[in-house]
Amino acid sequence: MPEFTVKLTKPIIPEEDFSYLRGTLSRLAEEIFAEDEKFHSLANSILVSKGQQGKIIDAVQAENFLRRRENLDIASMFSFKVIGLVNSFNEQIDEMNKPSIFVTYSDSDEAS
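First residue of the sequence shown: 30, per my numbering; consecutive thereafter.
Just so you know, these hints were derived from the structure itself, not from any lab.
All figures in this text were calculated on a predicted structure; none of them were measured in a lab.
Here a beta-carbon is modelled for each residue, glycine too, at the ideal position from N, C-alpha and C.
Hints are not guaranteed to be accurate.
[Unchecked claim] Heads up, simulated DSS-like pairs for lysine-lysine below, C-alpha to C-alpha not over 25 Å straight-line: (1) K67 - K79; (2) K127 - K36; (3) K110 - K67; (4) K39 - K127.
[Unchecked claim] Here are the simulated distance ranges between beta carbons: (5) A88 - M125: 50 to 58 Å; (6) D102 - S129: 42 to 50 Å; (7) M106 - N73: 21 to 29 Å.
Please work from the sequences and hints to get the whole structure.
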């Protein structure tokens, strides 16, 4: 009895494009960074508006400036990462959605 094997690749669920996640993730990140910017502006305005002076105030302002700069760098990097992450996610879902199915059957001469 010869055996035959057929390989099938069939999507399990309908294909979906997850590109919309780019906008969603970017919008949420922008909201976070906007709140961060508000915080840094508030901290700086409290120190400057009160006419505070001294080494501690200077150190706090310098640290605030550095943190703000780091956060802006993170925001810029995040924008680029989102594109790659969503593309990778799309590819992974597409790959998992199309499993290989092997069907093996025997050709028998006997009639039942």
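Index of numbered hints that the structure contradicts, given in increasing order
none
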